[in-house]
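Note that the protein sequences, when read in sequence, are chains A and B.
For the first sequence, counting from 1, position 403 maps to 403 in the working numbering; every step adds exactly one.
For the second sequence, counting from 1, position 128 maps to 128 in the working numbering; every step adds exactly one.
Derived by calculation from the structure, the hints in this document are not laboratory data.
There may be inaccurate statements among the hints.
[What the hints assert, rightly or not] Some, not all, of what chain A presents toward chain B, calculated at C-beta under 8 angstroms: (1) Leu595; (2) Glu599; (3) Val729; (4) Ile730; (5) Lys758.
None of the values given here were measured: they were computed from a predicted structure.
Virtual Cβ for every residue (Gly too), placed ideally from N, Cα, C.
If you want the building blocks of each chain, they are given just below.
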Amino acid sequence: MGLLAAVLSGFALALFAPGLYRVARGQTGWLLALLPLGLACYFVSQASAIASGATINAHFAWVPALGVNLSFCLDGLSLLFALLITGIGTLVFVYAGGYLAGQPRLGRLYTFLLVFMASMLGLVLADNLLALFVFWELTSVSSYLLIGFDHERERARAAALQALLVTGGGGLALLAGLLLLGQAGGSWELSTLADNGGLGAHPLYVPCLVLVLLGAFTKSAQLPFHFWLPSAMEAPTPVSAYLHSATMVKAGVYLLARLSPVLGGTNLWFFAVSGVGATTMLIGACLALKQTDLKRLLAYSTVSTLGMLTLLLGLGGRLAVYSAMAYLLVHALYKGALFLVAGALDHATGTRDAERLGGLGRAMPVTGLAAGLAALSMAGLPPFFGFSAKELCYAATQIAPAAAWLTALTVLANALLVAVAVLVGLRPFFGKSHATPRRAHEVPPSLWLGALTLAVLGLVFGVRPALGPDLLVGAASTSVLGQSAEMRLALWHGLTPELALTGITLVGGFGAYRSRKLLREAASRWNVVSGWGPAGWYELLLRGLNGLALGQTHLLQSGYLRYYLLIILATTLGLAGAAFARSGDWVASADWSNLHFYEAGLAALIVMAAAVALLVRSRLAAIAALGVVGYGVALVFVVFGAPDVAMTQFLVETLTVILFVLVFYYLPETTVVSGVLARARDAVVAAAVGVLMTALVLIASSVQYSPSISTYYSEQSLPAAHGRNVVNVILVDFRALDTLGEITVLAIAGIGVYALLKLRPAKNGDRDSSVADALGTRSNKNAGPDVQFFQADSTVEAPK
Amino acid sequence: MTSLILRTVTRFMLPLLLLFSLLLLLRGHNEPGGGFSGGLVAASAFVLYGLAYGVAAVRRALPVQMWTLTGLGLLVAVVSGVLSLLAGFPFMTGMWLPLPGFNHLMMGTPFVFDVGVYLVVVGVTLAIIFPLTEE
């Protein structure tokens, strides 16, 4: 019960966040932070039980027939993520209140953030594959809403769409992969799948793995899908800190860790996961140093770190998994802190350009302290947590296959990240001060509290691992490995090769920092190539898709009713005709013996009226003739005992004729618009459709369907539904859901017609007023001139 | 169209047609009729009135936005389905209550649903026809 409440409480509170903001204004962040704080306390209280190997399970049937259940399982891996989500969530809620103070749409931001937090919790707690997928998609959707929060800027909208399309596309692949996984593993529950063991030998293994990896790689911004993450920096900084460094982008890593007992341990897993991870790690770090914007610097370094985590999970084994879990935790701490610092710097100085910031330590001492601590942890200096985690990573790469290469790559990437750490966390606060758009000042507590908390934790966890990380990292790696990693975090391992590698990293990093301008120049020579990078392909694909849509719209939507009709009828003719030709049911029998004289008369009336509609010159006469056709059909219903249908037909026919008259009255006199050939073509199509419909009706009436349904309806109408009119009982009771759908469609179609009639650009270009009029929002002016029907001067303008 | 005959006839026909539409709506469960045809009759009545006196006169006589009517209809229809949900049955299960004071007469959620259909049909039909007449 606790787990379900933990997941759903965020969704519930999200509904009330805007209302709360209207009441509590500036204090909203502090109030809303109580929810993640409470949830974090709940998870902390379960920690010791989880660490001793227990799991907490909750199971609720959702769509049991399809195997979809809201089943949750809290184990070590989930616990680590849940604490990150709720802990950093608490700080981010407080921070957002200070960062966006006075922003009128802050209530909406809180709603999105709460929805995201709840979805992310659901994702890491879900034990059911399909429930996991639903939460996975919910995080993509809330990420879309959060990136595009500042929806008036086009860049923000484009970035939001890009993130949604990339992660959403990966999500589709993931869905297919999870379905294959459920098929291959024989269960929809992750815990059962893990117990059943690896699927490496299953025939579905390769497609399943590829699809799941596509999902994980897009979400965790692995090459070549990494480009959406730097673009996502258009989001407000609290969002970047929360979603795009600490939690959501790690969902892919979570999935890899979660599924590694089932899908891991094969050569394909190793090459695909480690290969992509190592490439991402290196390219991400190189691209990071090219940036000067603080947030983009951090974003690319996040890409690099995500690559390293992926690499470690691809390696597998006790040491690699353990170091991945440790590095995941330390990264969330220092990167979250640095993002919050970047936002505070932006807030205080008005710029995020790393080269234009300097000497701020005196003006912003607390922020500077937080930034410094976080940067040192990121650089991996002892005694910070970053140091112990990085040592573990080096230890893991040294026992991997191709150890020399992988270790060299890791050291190189980490050295570049050291340079990023110095550039983001230290340089702005030391040295010469620069002129900034705003005069720098220390930010309010809500803006430094989060960064300082996370940064101090990075130091405390390094010095005293027993205070938390030991337990968390140990429990998380136990649930990935299926057994205890039997390791502990420590600062001092003796004079090991890892220590030497750390030294090389630091020296190399400092060198890279000093020569960053040279490196940037060197990198800018590659700019020619970068236009053909994945981001370019994305642009090309998107433009191609839009072009295709536009092209086929131009082709099919000509704007002429006659071509619409031609296309629709010809398509019907082609498809139905093809079906006829395949089935061979050409011969339809009709029994003429029971034909009454009035039935024959009705038929003659309909045919004659149709002929008149075709031949007559006057448009009004043609409309009237069509009305006669409709009334004739209604009479057929009367003759064959369907009064309800007949009545409706009469009414619809009447209104249709009125509509036709209203529309046609304003058109010019009939003129011949099409040539002889075109009319011949239309005649052929029309005649063929007539023949087809006749054949269909004859065949349909000769087919005997099972009578059970109609018998059931007529038998049950009075006893079960208290009505003698079976037609109406079917409409409002037996099949009421269909009717509800139909009246909804009717309303939507009505809105469409109304919009076509009313939402035309006004002549004086005052578009807004015509829209307001059309929507009836200006009811006092909506009455308009008192226009009579069929007035001679039909040039009455739309109401202004 | 300022025809005296049409105007005079309409003056008497409007209430009769509206009453007839209500009759259709009410008896629909047992005899031919129902929310859809009832709604069409009511819409026709207003269109007739509009033909005789102009749309502005109809808007004065029916001081409701057509989209309000449509939305109200959809709301009524959905609410009629939700009622059974509150009682623990699946969505849109027909629920019936005997009307006090009437012998054998029952009041049910399908009727409430039909009222929703009636309102949607009136709203959409008029919302489409009126702008055309105002152009």
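The hints, checked one at a time:
1. Leu595: violated, 26 angstroms
2. Glu599: violated, 21 angstroms
3. Val729: Nearest chain B Cβ about 7 angstroms off; hint holds.
4. Ile730: This hint is violated: Ile730 of chain A lies away from chain B, its Cβ roughly 10 angstroms from the closest one there, beyond 8 angstroms.
5. Lys758: Constraint on Lys758 of chain A satisfied, holds at 6 angstroms.
The structure fails to meet hints 1, 2, 4 from the earlier list, while all remaining hints are met.
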